[in-house]
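Protein chains: 2
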Amino acid sequence: MPKVAVDAGGADLGPAEVAAGAGLAAQRGIEILLFGPADEMAALPAGVEVVDAPISIAKAADPAFAVRSTPEASIVQATRAVAKGRAQALVSGGSTGSALAAGLFNIRRDRGIYRPALALPLPIPGARPVLLLDVGANVACRPEHLVQFAHMGSAFCQAVLGFDKPRVALLSNGEEPGKGTPDLIAVHEQLMGQGGTGLNFIGNIEGTHITSGMADVVVMDGFTGNITLKVIEGVSARTMRAIDELALVSPRARLGSRLFAPAMVALREEIDPETPGGAYMLGLRQLGVVAHGRFTKRGFARAIEVAALGVREDVIARTRAALEAAGALRKPTRSTQANLPSEHAATV
Amino acid sequence: MPKVAVDAGGADLGPAEVAAGAGLAAQRGIEILLFGPADEMAALPAGVEVVDAPISIAKAADPAFAVRSTPEASIVQATRAVAKGRAQALVSGGSTGSALAAGLFNIRRDRGIYRPALALPLPIPGARPVLLLDVGANVACRPEHLVQFAHMGSAFCQAVLGFDKPRVALLSNGEEPGKGTPDLIAVHEQLMGQGGTGLNFIGNIEGTHITSGMADVVVMDGFTGNITLKVIEGVSARTMRAIDELALVSPRARLGSRLFAPAMVALREEIDPETPGGAYMLGLRQLGVVAHGRFTKRGFARAIEVAALGVREDVIARTRAALEAAGALRKPTRSTQANLPSEHAATV
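From first to last, the protein sequence lines stand for chains Z and E.
Anchor point for the first sequence: position 65 equals 1188 in this note's numbering, and the numbering is continuous, going up by one each time.
Anchor point for the second sequence: position 288 equals 1411 in this note's numbering, and the numbering is continuous, going up by one each time.
FYI, nobody ran anything at the bench for these hints, they're computed from the structure.
This one's a predicted model, so the numbers in the text were calculated from it and none came from an experiment.
Check each hint, because a few of them may be wrong.
[What the hints assert, rightly or not] Chain E regions said to be covered by chain Z (calculated; three or more residues, Cβ under 8 Å):
no. : segment
1   : 1314–1328
2   : 1346–1356
[To be verified] Chain E regions said to be covered by chain Z (calculated; three or more residues, Cβ under 8 Å):
no. : segment
3   : 1235–1246
4   : 1296–1310
5   : 1366–1379
6   : 1425–1431
C-beta: ideal position from N, C-alpha, C; glycine also.
Build the full structure now, drawing on both the sequences and the hints.
Set out below in structure tokens:
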């Protein structure tokens, strides 16, 4: 039975909201180790074991430093529980920077992985979600990082989202293989050569097609991923607000808007960021999920459920097998593997 | 009286649609030199002088090569007319690649400019537009290019859009000055130091804030700009389509949607890409406007009007003055200025 280590720090609504989410997930049969201030947590159902960890480094300006210097912090304790096998997956309550730093430091990169990536299943109205990665773990990426992201995203999409032969695309400024930066052109070429290895690479796509249902996994560097994700958030919010404001322009519009309201509620639910449960840290020795700080208990419960699903579906081993088959694992070097969080600059 | 050189090539609806747009603009008092196949153009009002140029290179795979090898092409003739002073601004009917290549080759970069940029005024529902640049002229940019873009965008925004002291921001993955790639951090630092020169630099903004009204000009490299613009197009289209589909879910929604329809028409008009008239080529010796190939005559007329406005408001001289005041002009080098279109890879 998989157990999920949950860090209650970082949530805008406080540790109690994360605890409530853990409670919901436990009622659905998931075992949870919950790290946070015990005195802020109400009675929780069986299946949730609370470990008192009142110190949070979710707001630390330098997450890597905070992780190294605060062993008692909730996220550090949670990642150590995963590293020691007391839990098989991690859920963090909202701070991407500290979750990435603590994940790298304690859970560590999986063998052969250059860089972990943050992957986000973006909800698309009326369609399946599309998995975007990297949405912010690595500001700068080398071609071999992006090649690994393609396999990591594909394996996650199959194992956790349940897609058959997910269509993997590379985000660029044109569909032609020669479009993009020299690095992207190199990635395109390498991924084209890995078609026989189980990867369903469909080539470059443009920004317009992220939301068009053309691809299941879209690969990009963490800078572009951060911009893409935030532009999508901004445009969605702006459009929804504009529609709300239009309801006030005339009595006719007001009535129409009132009648249309249930449909709009359905749309808002379809694109609710709580539905996917958060962003996934791929490339560590165990799966990590970073919930959004704004989540309510529903989103935290969902994050915990997806983490447990990842364990049951063995996403880590499946990712490793895909990378191995494609010859995309990092070759061992003579020096000890550099595995320090300071290499990474979380952008989310 | 400014005269605008218009290339009728590249429009999805054909040269006759561009000609009809030229006709509309001429009725509003603008003089036009129209290059395209004379036999496809109906009777046009006084003020439009048609130059028969039946060859279009709008679809050329290698625009730079096509420009050099096809002197009789409509875009080449139109840019040469501008270079020779027969017209004071250029409007191209839809092919960004050939317009950029021909613009660089014939109109040439203005003195002290590293790279021309494509600037797009993005319509925001219920608010002023925001000018994004570069949206695709330069896949890779050095810091000094982005610094110039900030001034070029600010000067355009003042002269043509009529904004007082436009707020200029740099797109990054976080608002803190230290966020972003090393190049972006350097740009931030340089622009911060140019506050006394008339530039109203407000720092970094994230993708969420492009559409929030926080900035009037948002600076980015051409790769990021292409992705940003196309993601915005994709998300807007997807959201609008989802709302249309929701109108079919129930009789109540259908009625609500019918009553709300005029408001939605108003929203669609507010974000209509024809309203800004196209993307602006800044940094050449004269202003160029690249209309979108999908435009109808209304959009082409608008592009011609904005080009004429740029001439009347002397956007070129004002841009040069702003760059000079900021010490951001390129220093003359001993070698002849490289000014070849092949340096540039249009991404739109």
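Here is how each hint holds up against the structure:
1. Judged by the Cβ-Cβ criterion of 8 Å, the segment 1314–1328 of chain E is not covered by chain Z as claimed, because only 0 of its residues qualify and three are needed.
2. By the rule of at least three residues with a Cβ nearer than 8 Å to a Cβ of chain Z, the coverage given for the segment 1346–1356 of chain E holds, with 10 such residues.
3. Only residues whose C-beta sits within less than 8 Å of a C-beta in chain Z count toward coverage, and the segment 1235–1246 of chain E has 0 of them, not enough to reach three; the restraint is violated.
4. Residues of the segment 1296–1310 of chain E with a Cβ under 8 Å from some Cβ of chain Z number 5, which satisfies the need for three, so the listed coverage holds.
5. Under the rule that three or more residues need a Cβ within less than 8 Å of chain Z, the assignment of the segment 1366–1379 of chain E holds, with 10 such residues.
6. For a cut-off of 8 Å, the count of residues in the segment 1425–1431 of chain E with a CB near a CB of chain Z stands at 0, and the three-residue condition is violated.
Violation of the numbered hints given earlier is confined to hints 1, 3 and 6; the remaining hints are satisfied by the structure.
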